[in-house]
Amino acid sequence: AQRVTQPEKLLSVFKGAPVELKCNYSYSGSPELFWYVQYSRQRLQLLLRHISRESIKGFTADLNKGETSFHLKKPFAQEEDSAMYYCALSGRNKFYFGSGTKLNVKP
Amino acid sequence: SAVISQKPSRDICQRGTSLTIQCQVDSQVTMMFWYRQQPGQSLTLIATANQGSEATYESGFVIDKFPISRPNLTFSTLTVSNMSPEDSSIYLCSVVLAGGGGELFFGEGSRLTVL
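Chains as they are written, first to last, in the working numbering: chain A, 1 to 107; chain B, 1 to 115.
Not one of these hints is a red herring.
Result set (EDC-like, lysine to aspartate or glutamate): computed pairs, CA atoms no more than 16 Å apart in a straight line: (1) 94/A to 103/B; (2) 15/A to 80/A; (3) 94/A to 58/B; (4) 102/A to 8/A; (5) 73/A to 62/A; (6) 57/A to 80/A.
These are calculated hints, taken from the structure and not from any lab test.
For reference, chain B alone in the conformation it holds in the complex (with noise of 0.2 Å):
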């Protein structure tokens, strides 16, 4: 396995405003995404991070909405633009390891809610 860290694991924002959230693991990584889970319900994949490219974005997300990096392996960012209420949720980033049997791996999440 692996220790996959994320920032913040919590924070409480005004609408209007951007957050950043940050996910570095301690391994090597072959795969990483990040996830949203909106209380009550599954886990929607947001965009698939590509190391020094821009980021694969899934139906109904957008990068002017959901800017992610990824500059090395290990190290991504997510940032939510402009939030409103809609946007509180549980923000996941997940990887899978290289040399691993190719499962997800799941950082704590970030609990984002937006006033």
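Chain A extracted, bound-state conformation (with noise of 0.2 Å):
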């Protein structure tokens, strides 16, 4: 069955500390990996996916099908980053969401 995983209810950061949001997956086949980002007081929002393989906001993801993992990465946290992050699996025209990560950036 599938399952996204991510295993950290809260990580609080300073800002300018290196942030990275853990996510595991488990799917019989070959999912397409999201990142999507709650702002306080604002709706879900897409931050990237595995295969644009890009940068947003200083973010990045990689996609590691070895370990089943797609680990959110961002070298210097800014305040402005503090929100709800979720790591979303998508196959077979469903996705699918992990707990989700609250990430505080302390000043």
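Two chains, two frames, some hints: make the complex.
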């Protein structure tokens, strides 16, 4: 069965520190992986997806099929990065979400 | 992107009553889904709304409790029937746009509180 696991409910870092939000998945097939972000009082929005291999707002994520991981990274966190981050998997016309990680960037 | 409008944005309801949530999209849509986000928890897929036919429900969700309609490509309704306090949640409409990149777009959600 498909599953998306985000082991950390809360991650607190200081401004300027590196940040890594972990995501592991299980899926029998070739899924597409996404990171979604929800800033305070805003709707969920796409941050990035693995097929585009882009850096968005300084964030990157690499799909590691061997480890079935899709960790989100940023070398220098900013206070405006504080938000809820959800890892998501798309397969067979459905989207499944992890439990989310709240990132708190302290000044 | 697209404008995805959900109504109502929030409501407080009495136990045993039913509430219908509407979702309207201003662009062409290929897929439409309804999710539930309970306090402090992740998004759980309720069902895929199919145009002109019965929705496809995920395990744990049934049509009698969550009837869904999708009369055309850009509009859908979700009804939460015979509500109990356990149904208190945010209900999210989400879509994949025609001609888009295949990602999911979300409405702002409908926050439901059942007393």
